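Peer 1: Keeping the supplied structure of chain A fixed, place chains B and C upon it in accordance with the hints.
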Amino acid sequence: MTGWLFLQMAAAFAILGVLLMLLVTSPRSAVAVSMGASVLASLSGLAGAGVLLSGGAGLLAATSWPPLGTLLLSADQLSSLFLLVISFVWLLISVFSWSYLVRYAGRYNLRAFGALYNILFLALVLTALAGDLITFLIAWEVMTVGSYLLIVFEHKSPQNTRAGFFMLVLSEIGALLLIAAFILLGNYTGHFDYAGIRASIGSVPPGIKNTVFVLALLGFGVKTGLVPLQGWFAPAYAAAPANVGAVLSAATLTLGIYGLARVGLDLLGPSPLWWGLALLVMGALTAIAGILYALMEQNLKRMLSLSSVENTGWILAGLGAALVYRTSGLPVMAALAAITALYQTVNNAVYKSLLFMGAGSVEYATDRQDMDSLGGLSRVMPYTTLFFLVGSLAAAGLPPFNGFVSEWLTLETLLLSFHLTPVLPKVIMALAGLTLALTAALAITCFIKACGTAFLGRARTPEVSKAREVPFAMKLGMAGGAVASLLLGVLPTLVIPRLDAGAALLSGSSAAGQMIPAVFNEPGKFPTLVLLGGTFLRGILPAPGAVVVPTDPGFSSISPTYLLFALPLMLLLGAGLARLLGGKTAVTRGEVWVGGEDRYVPAQQYTGTAYSNPVLVLFRSVYRPQVELEKHYHGANGFRTATGYERQIDSPVERYLYRPILGVVNRGVRLLSWIQSGRINQYVAYVLILLVAVMVYAVWQ
Amino acid sequence: MENCKIIDDFSAAWPQLALGGEHTCQVPAADLPAVATWWREAGARLADAFALADPAAPEQYLVRYVFEVPGTDTFISLQASVSGECPAYPAVSLDLHAADWFEREIFELYGILPQGHPALGGFVLHNQGDGGPFPLRKAFSRSSRLTAVSGAYRSHPVEGRGVFEMPLGPVYAGVSESIHFALTSIGEEVFWVTPHLFFKHRGFEKAGEDISLEGVLQMVRRLSGIGAVSESLALCQAVEKAASLEVPPRALYMRSLLAELERLYNHIGNIADICESTSLAVGAAQGFMLRERLLRLNCLLSGSRYLMNTVCFGGVLCDLGPDRAGLLRETLKPLAHDFRGWFRMLLNTDSFLDRLENIGVLNTADATNLGATGPVGRASGIDRDWRRDHAYAAYDRMEFRVPVENDGDGLARLKVRATEVEESFALVEQLVSQLPGGPVQNGTRPELSPGAAAMGYSEGPRGATLHWVCAGEDNRLWRVRLRPPSLLNWHAFPSATEGCAFQDFPIILASFGLSLAESDR
Amino acid sequence: MANWVFKGLASGVVTTKYPRQREDIPGGWPGLPVAAGLCPDSCRACREVCPTGAIECTGGAVLIDYNRCLFCRQCVAGCPAGILTWENDFRTAVSARQGQPGSRFSRRSVYIRHVDAGACECCLWEVGALSHPYYDLHRLGFFFVTSPRHADILLVSGPVTLNMAGALEKAYQAMPQPKKVVAIGGCTCGGPPGGPVYATPFRLEEILPVDVFIPGCPPPPMGLLHGLLVATGRAEEANRTQAEQLKAARS
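Residue numbers (my numbering), protein chains in the order written: chain A, 420 to 1120; chain B, -3 to 517; chain C, 491 to 741.
One thing to keep in mind: the hints can contain errors.
Mimicking DSBU-like on lysine-lysine, the simulated pairs with C-alpha atoms at most 30 Å apart in a straight line are [stated by the list, open to error]:
(1) B/1 - B/237
(2) B/329 - C/497
(3) B/411 - C/497
Some chain A residues near chain C, calculated using beta-carbon distances under 7 Å [claimed, not checked]:
(4) 1001
(5) 1005
(6) 1015
(7) 1017
(8) 1019
Simulated DEER-style distance windows between Cβ atoms [claimed, not checked]:
(9) C/505 - A/996: 34 to 44 Å
(10) B/170 - C/734: 26 to 36 Å
(11) B/170 - C/505: 13 to 23 Å
(12) A/1003 - C/507: 34 to 44 Å
If you're looking for bench data, these hints aren't it; they were derived computationally from the structure.
Here the structure is a predicted model, which means the values were calculated and not measured.
Here a beta-carbon is modelled for each residue, glycine too, at the ideal position from N, C-alpha and C.
Bound-form chain A, shown alone (with noise of 0.2 Å):
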C-alpha cells in the first residue's frame, strides 16, 4: 500500500470519529469512539508516514478550487517527518484519553470534545501534508479554532474561557502576520505552491525576503512559544484538560516549528547571515525566559507549558545554528545543526506529551495541580510517579533519555563554531551556548522541584491522601511516551539517518554520514573508537555504528546505546559488591526522625515555592517580584499573633509589552466607542450620511 492510500485511511478514520458523535448517546461511548476513531486513525497515518519517510514522497493530490486556485496536498522528507511525530503522539493521547476523558462525563460534553479532537486531527494532517501557501493556511486556521475550542473545553469556569480567548486573540494576530508574510512571499514569486516559491525566490529582492522572514517568524512563533508572545502559554494550558494540553505542547507546538522551517530555511532559499543570528539570541533569550519562569510556577501544566518555551528555545537555537553555518558556506555542519533541532522537535514532542499525560494523571487522580497541595503520590500511584520520572529525566536532558542527545548535540553544535572566520557569529554562538547551558542546569532544578514535590514525601492536604492509581489506558499511553523516550534515547545511530532527508532540505547537504562514524563496516579508519569499545554491538544493531559525534570524531563522541549496558551492568556490580562484602544486614522499620519532636505533620515538609525560593533570591533582579509582608500584633506591645505573605511575580513580558499595548488599544477603543453608542437616532444619522455621500458620489461620476 502507498503511504497515500493509508494518509486516505487516517482521514477516513477522522471523519467517521466525527460523524459517528451524531449517533452516539451516552459520554462513555462518546469518548470509546472518538478516541477509538483517534487510536486508527492515528495508526494509518504513522504508517502512511513511515512509508512516505522512507522513500514514497511526491505530490500526493491536487484539486482545484477557483476562487483560491490550485490546492495541493504533497510530502517531502520533512513534511512526512513531522507527519509521523504528530501521529505517534497522537496515537499515544487518544490511548490515554480513553480513560481520561471519562472525568468529564455528566459535566461537559464529550461528544463535542470527541468532534473536535478528530476535527484537529485532520487539521494537523492536512498541514503537514499542505503542498501550497493557502492549503497551509486554511488547516492552520482550523488547528488554531480547533484548539481554542479544546481550551475553552472547561468554559464552566470564566478563568479558562479567558484564557482561551487570550489563547485565540494571539493566534490570531499570529495568523495575520502570516496571511501578511504568504501574501507578500505569493505576490513576489507568482506562485504559491511550494515548488513554483522554490524555483522563482531569485527574483523576490532581498527586503521583501526579510521582511516574510520576520513576519514568519513572529507568526509560526506565536504557537511555538517565542518570547515575547509566549504570554497565553500558562493561562491557556492550565485552562485546557491535560490531554488537550498535551497536543498543544507536541502537536500544535511542532507544526509552529515546522512552519518555521518550511518558510525560514526552506522556502525563502539562500539567507543572509543575520536570520541565523536572531534566531539564535531569540531561542537562547527563549530558552532561558522559559525556564526561570518555569521555576516559580506550582501549577504542574503551567510549569510544564513554560518548560516547552524553553524546549522551543533550544530547537530556535539549532535552527538558527543550521543558517548560519549555511549562509557561511560549511553545509554539513549546517546539516549537523538541522539534525539536532530536528531530533530535539522529535525528542520534546514525546517527552512533552508524556509529562503532560502524567500531570492529567495526577489531575484525574487527585482533581489538583498545585504542587504545594500533593506530596506522597509516588505510594499510592507508582506507575505514574515512574512515568513522570522517566519524562523529567528527558526533559531535564539526563541520559539515558532523549533529551540528553539532542541538548548534547545542540551544545557541541555551537562550540564547534570555532569553524567560523568572522568574529560575531562566533561571539553570539558562544553566547548562546552558555545561555543554553545554564539553562539545562535550572530546568534540572526545575524538575527536581516537580518530581520531589509532587510525588515524594507524603501528602500535603488529606484529600491526596486518598488519591489512587489510574486505569490501564492511561498507564498505557504514558508507557510508550516513556518508552519512546527511552529509544529514542538510547538508538540515536537509527534514528539519525531518518532525520536526514528532512535535514538536508533545511540544510543543502546530508550529514548522517559524518554523524555516525560507520566504526562497524570500516573499524579501521576509527581507531580510538575501537579502542574504547565502538565495536561491541557489531552484527546485532542495524546501524554503521553506534556512536554518535558533531561531525568530527577527534572532537567529541558519545554512545547512549553502549551506556544502555553499562548502566544495569555498574548497578549489578555495585550491589553484588555490597552483597558480597557488607554480609547480611538487618533491616528495621521506624518512624520518621525529625529531631525526636513528637508531632511530624506535613506542613513541615519543603514546598515547591520554597525549593526553587533560592532561584528567585539569586536572580531578584530579573524576576522583581513583589512581596507584602503583613504583621498583626495582640495588644500595645509585642504579641506578634501571626504574619501574612503575599507575593507576585509578574513577567517582564506582561509589564513592558503586553500591559501597555493593551492600554493603548483601550484608550484608542473608549476614544472611538462613541461611534457605538447604542442610541438610535445617531445609526439612522450613520446611514442617512452614507446616503448623502452614495448619492453625492454618483452625481460626480
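Peer 2: Relative to chain A, chains B and C alone:
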C-alpha cells in the same frame, strides 16, 4: 532606702499604696497592670515576676513583680494577693510585654490565670492540659507525678502560599542543648522563629523546697554549670541577707575573683563558638585552646574545672595562697597576650565579619521592651551591668568599664564580649593585688527564721541573675525563685532572627550565647 | 586578611597522646576520692558529710558510689583518719553489661549521637571539648553525627526530664543495630541534684539499656575518652564498682 524623687512621685501618684519592708508594695490585684505601667513609664525595668504560696495561708497565693528602679541601687517589688478556686488577676504583659513569659510560667506551675494573656498553655509542661495539676502548689507533693496528655503545640502562624515550617530539634546539630525551633520560612528566608523551651525543665524550684540549704546550694550550682559561680553567688547572697550572715572581706574579694575567672572562660568560649558557627575552623580551634587553658587553671585553683565547689554560705571554699596567686598571674599573662593576638586576627578576617555584621539585629526598642540583659542587652544599647549598678561582693571597690554598643548585630555582641574579657583581665589583676587578709569563710551556718525573705543577684557572663528566697520551717526554704538571665534573652531572640536566612540562624544563635539549662531550670 | 593557616601551624600539636601514652595534665581532670584502706568501724564522718549519700561504710570498708558522687571533696576534707584520699585519676567509667558478649560492634570507627536530656552545660562543654585540639577524638575514630540513623553510640547527659524522655526514646529507636548507650555525668548516672521531682521522675536505666556509665560532675574529657574506649572494648575499666572496691579493701 534613700529618699529619692521617684519614690516621692510614686507616693504622690498612688497615695493608697505604701512601700513596706524589703521594698515591697502591697497592690490590689486589679491594680497591678496600672501600677506596673506607672513604673515602666518612670523608667523602671521589669526584673522578674513570679508567684508563691502565701506562707501565712497556703491556699492563697501571692504574685510578685520585681522592678529595677532607675538611678538607684534598689529593686521595688509589687505584691498582689490572689485566692479562690481559680485564682486570677489581670495580665500585666498586655501593657508590659517583658512580663509575657513570666506570666505563662505562673499559669502553668501555679494555675493562677493572668486574665487576657493570649498565649497560655504548652510552655513549661509540654504534655499537660490547661486544667492542672499545678506542680508548684503546696498540695502537689514532692513525690507526686504528672501523667501525660497530649499537649498544645504553639507556633506562630504565617499565612501565605508556599510557606512551610521547618522543625529543628529538640535533638539537632552535633553537640548542643535540647530545644525545639519552629522556623516558618518561604525557603531560605525565615519569617519567624518560635523557640520551644523547657525540654530541660528539671523542676528545680520545686526540688529546692524542703531540702537542706546545702542541698539547695548543690542544686543551684548545677542550674547552669558554666555559671556555677554567678548562680551560687546570687543564692548565697539571698540566704545571707535573709539570715543576716556576715561575709568576711577576703571572701568578698575571692567571690569577685572567681566570678571574673568564670566570665573569662565563658566569654572566650562563646567567641570560639561564634567562630565555629561561621566555620572559621582554625579561629575556633585557637579559641577553644584558650578556653581549655582557663579550665585547667580553674581546676588547679579550686579543684573543679568549672569552679563548682567554690562559693558557699558565708564565704568561699577555696583560698588563694601566694603560690596559687603566682600560678594565676603566670597563666593569665601569656593567655591575655594570646587572646589579644587572636581577637585582632578575628577582626581582620573579612569573611568572618561579613557573617556577623548586620546579621541578627536586635534593635534598642525591642531589647528594652523584651528585657534583654547581659552582653546581648549591652550590644543593643542598654547600658546596665549589675556589678556597677547594684554592686555586690567587692565590685564597689573596683574600677572597670562597661562596654555598650548600639548596633545590636552579631558583631556588636562579639565586641562587647571581647571588651569585657579585657576588663576581666584587668579586674583579676586588681583583685589579686588588693586581696585583704583574713578568713575566707564566716564559719557559721546560716539560720533562717520562718518567713524571712530576701533577694540576691549577680551579673553573670550571660547577664543578670536574680534569686529570691523565702524561708520556711526547720531552716528550709518555703520558696526559692531562680530567675536566670538567658530566659530574658531567649524572649528577645525571635526578634533578632526575623527575616534572616537559614544559614544565618546558627550564627545568630551562637552570637547570643544563651543557656538552656538555666532558662529551663 | 588574617593568615590563619600560619597561625594554626605555628601553634604546633597540643593533642594528648592518650591512650598510647598516659601524660599528667595539671588541671586536666579533678581526680576522684578513693579509700586507701580500712577505717575504724565507728567513724561515719564521710557518710554524714556527703551531700548525696554516695558513701557506704560496711565492715570497715569505705565504698563510694561514684555514680552519685559530686566530686566536691567534702569527704576527703572531713575524714579524720586520712583513709579517704584524693587520687589523680580520670578513669571513672564502669561497664554495666559485665561479661556479656558484644555483637559485632565497631571498634575502630564509631559514630556518636549526643542527646542532652536536661544536663547543666558542663557535661556539654566537656563533650564538646573532645572535638577540640587538646583531646581530638577524631584521631581515635570517633565522630559526632547529627542523625541517630548514622549513630552507633547514644551518649546521654542529664537527668532524663519528663519533656525529653520521649525524644530520647525516639532517638534510641532511630538508631540501627548494633548500638550502645553511654550515660555520662552525675545526673544521668546517679539522679538529679536535689532528688527526683515531677520533672525528673525516671532514671535513664528505667528507659534505656545502659552499657557504660561515666560518672563525674562533669566527667573530664579524658574521662570521657576512657569511657568511650571502654564502650568499644579498647580500654580496661579501673575497678570502680562497689563490689570491686570491697574486694580491693579486703585484700
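Peer 1: Which earlier hints can't be squared with this structure?
Peer 2: Those not satisfied are hints 4, 8.
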